[in-house]
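Chemist: Sequence:
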Amino acid sequence: MNLAALIGSITTLLYLIILARVLLSWFPNASPQNPVVNFIYFMSEPILSPIRRLMPRTPFFDFTPMVAIILITILQAVSLRIVEWL
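For the sequence shown, our numbering begins at 59 and goes up steadily by one.
These aren't lab readings, by the way, just hints derived from the structure by calculation. Treat the hints with care, since some could be wrong.
Restraint ranges, calculated between C-beta atoms of paired labels, are given here [said to hold, decoys possible]:
{"hint": "1", "residue 1": "Thr116", "residue 2": "Asn60", "range": "36 to 42 Å"}
{"hint": "2", "residue 1": "Asn96", "residue 2": "Ile132", "range": "26 to 32 Å"}
{"hint": "3", "residue 1": "Trp84", "residue 2": "Met113", "range": "18 to 24 Å"}
{"hint": "4", "residue 1": "Pro117", "residue 2": "Glu142", "range": "41 to 47 Å"}
{"hint": "5", "residue 1": "Ile140", "residue 2": "Gln91", "range": "38 to 44 Å"}
A quick note: this is a predicted structure, and the numbers were derived from the prediction, not measured. The beta carbon of each residue, even a glycine, is placed where N, CA and C say it ideally should be.
I would like the entire structure built from these sequences, with the hints used as guidance.
Modeler: What follows is the structure, given as structure tokens:
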């Protein structure tokens with residue numbers, strides 16, 4: 059596996075974890091004690107919490123996952139360009 063494929067796999071995994079976190083927010087009965095839910099929260103919170111601190115709070119919608127996905131996409135594109143350049 060080359061470096062570009064590794065970067066693509068990692069960023070895709072992060073994207074899917076954040077998407078799963080968004081989907082879990084639609085189910086209020088999803089227990090954080092569930093191992094799968096706990097894993098998703100454990101993996102996504104280090105990405106989302108710094109963004110959440112920087113963004114203004116909105117009463118009905120959390121834009122943090124959307125911003126995180128945009129930043130991950132930008133990071134992926136820039137990283138792949140750098141790897142191609144090397």
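Chemist: If you check each hint against the structure, which ones fail?
Modeler: none
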